[in-house]
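Visitor: Order-wise, the sequence lines are chains A and B.
If you're matching positions, the first sequence starts at 1 in this note's numbering and goes up one per residue.
If you're matching positions, the second sequence starts at 348 in this note's numbering and goes up one per residue.
FYI, nobody ran anything at the bench for these hints, they're computed from the structure.
Note that the structure is a prediction, hence the values are computed from the model and not measured.
A couple of the hints might just be wrong.
Below, computed lysine to aspartate or glutamate pairings styled on EDC-like, alpha-carbon distance capped at 16 Å [as the list claims (entries may be wrong)]:
(1) A:Lys180 to B:Asp519
(2) B:Lys535 to A:Asp189
(3) A:Lys326 to B:Asp637
(4) B:Lys536 to A:Glu113
(5) B:Lys635 to A:Asp293
(6) B:Lys484 to A:Asp91
(7) B:Lys484 to A:Glu193
(8) B:Lys484 to A:Asp125
(9) A:Lys337 to B:Asp532
(10) B:Lys484 to A:Glu134
(11) B:Lys484 to A:Asp189
(12) A:Lys337 to B:Glu646
(13) A:Lys131 to B:Asp637
(14) B:Lys536 to A:Asp190
(15) A:Lys195 to B:Asp532
(16) B:Lys535 to A:Asp190
(17) A:Lys69 to A:Asp91
(18) A:Lys337 to B:Glu639
(19) B:Lys536 to A:Asp189
(20) B:Lys535 to A:Asp293
(21) B:Lys589 to B:Glu562
Part of the chain A face toward chain B, derived, beta carbon under 7 Å [unchecked claim]:
(22) Ile50
(23) Val129
(24) Phe152
(25) Gly228
(26) Thr260
Every residue, glycine too, gets a C-beta built ideally from N, C-alpha and C.
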Amino acid sequence: MKIEGLKTVNYEERLKEKGYKKRLNKVMTEKEAVATFLRDGDSFAIGGFIQWRQPQSIVREIIRQRKKKLSFIDESAFFGMDQLVGAEVLDRLDLAYWPIRQVGGIVGLPSVERCLKEGYPRPIDIGGVLKTPEDKIKSDKPPLKIVDWTNFEVSLRFMAGALNVPFIPCRSSLGTDIPKYNKEIKVIDDPYENKPLLLIPAYKPDVVFLSVQRADRRGNGQIWGFRGTEYWKARAAKHVVLLTEELVPAEKIYENAGMTVIPAYCTDAVVLLSYNCHPSGVYGCYIWDMLYDLRMVLACQTGDGFSRWLDEWVYGCKDHFEYCDKVGWEKLERLAKAEHVINRIPA
Amino acid sequence: MGHLYTAREKYTPEQLEEMKEKYLPTELICCTASREIEDGEVIFVGIGISDLAGAIAKLVHAPNALMVAEAGYIGFAGISTMFSPSDSWGGTMAMCHQGLPETFIDEQAGFIDVAYLGFAQMDKFGNVNVSYITGPKIRMNGSGGGGDISSSAGRIIYTVEFNPRSYVKKLDYMTEPGFLDGSPDARKKQNLVGGGPSCVVTNRGVFRFDTETHEMYLAEVFPWQDEEDIEEVKKAFPWSLKAAKELKIIEPPTERELWAMRLMDPDGMWTIAKIMDATLGKLILSGKYDIEGYNTLLEGREAAWRKAMEILT
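Looking at chain A on its own, in the form it has when it is part of the complex:
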């Protein structure tokens, strides 16, 4: 059976492209990394979870490079995903959660809501459940397809991808509407005990962008704090781009080798970029910038507001450094100071 929306990795092709993984110095810029590995029509994922360790500079760079027809998959979404939808970068979105109307009646993901209600900038089709009403659709743009999962199920997709098996069974969501509307999930009677089980199809994204606290030039990525699904994402993807807060010599990696979640053989590129997750936070480095995030969500409540925000904070900045200049280094350092009150990375 062919799974819709799932690109199976061609192993020969992967071997050919393995050149990147074999290099001893994988350091490149964010611009190069996005241009080299992410092509229009590709599927991709990013690391982290909701407001923490999600490399949002990558989201801005993808929009800046005007990538198109991408598929994005994540457990729980963040405000940056809303920007991807609003900037018409995505064709398909697989996820379990998005923080909608969470904060005192403010719409959490205004662009997604606009697409669903007004069909602007494009309609949305959530298979069998909801879609933008026909009379609201003004353009002939194909609808953005959204598929529902639970957090664990999305994680298991990466896990199956990493294990190089077509699916993984699980015992979540049995008897609910999730497998009813999500046609890619199969419910079977397992051949051993003859009881219902959910089969979760594998996912092998073309590129994953993972944020780590520390990496060396060869691409050993070390993570502190929660690890999210990084271990599995790094092994499921064709290409792995690490965004690191700090670039360290290999000796520094040996000192805390237990913290290495992504070994060099997984990694294709290392991008040294401080504050690459802003407004998201990084354990031991800087806290989530809730003031910026809430301000952004408020500004993006209307279509015009969203365009203005993009012009100012995404297209208006040449790269991440200009963005940091714009945010203000003083503020970024203040966020770092706050995190250091509660968590520090061993020196």
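Since the structure of chain A is provided, determine the placement of chain B on it from the hints.
Guide: Showing chain B alone in chain A's frame:
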């Protein structure tokens, strides 16, 4: 219902009147829900109310309970309420940092005794919708980890502010399994690991599920809820809600519980449920996005963290 009157006799009518106005809905929910935890239990907490209830239990009567946040923080002290299960203050003074799938694997393996969840729609048998409303077409938060937690955790405590519109005959979309069709072994037939919903804690009483029929019933009320109030609550349900033969009277929040709650949520971010009334909201409304605004916000948080860390060590 003679029993009700006997139980209330320890309060004078004046006291009841005063108590009625004294507590915020979230205070009633968090403190009542925290009492469902037994010492030593492993609690799966989410954000806001659920995180607060777990932290209160740990500070007040269950010091050996272990809190688990889905992003991968295990056995953390809980120095502050969380906005997301990945917040780094959830990792402070934690026993273990792991990954998201690992946490759910532990749950499917049966290590999680109890979990707190919220909901938007619930039916008679504790099935829950957090995904879609089809009347006016609305997309809600979606499952997140809720679908997994309700499938596999030992028991689920639902915590919500009482809203008559939340209870429906038929869900628009079933995100989280409760007792499914209510038949005696419905969950077992579906091969679900967890025990299903245990109770629904609201600011207008606690609802539990019949062990035989799995039907939701009113089990406990606050001392100031008179017959009239109880009737009103029952009428909010689109089916005829049963009530326990002897309604238990809930003790109002204690000083210690309220202290624990303020320690975890000093700014009242979740307690007052209006972000715009808290420091963050005030800064947003005044357009104070400069470094001074950041200092105001963060200095307050840092002081609260330091205080909590001192108390918890």
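Visitor: Looking at the structure, which of the earlier hints fail to hold?
Guide: 4, 6, 7, 9, 11, 13, 20, 26
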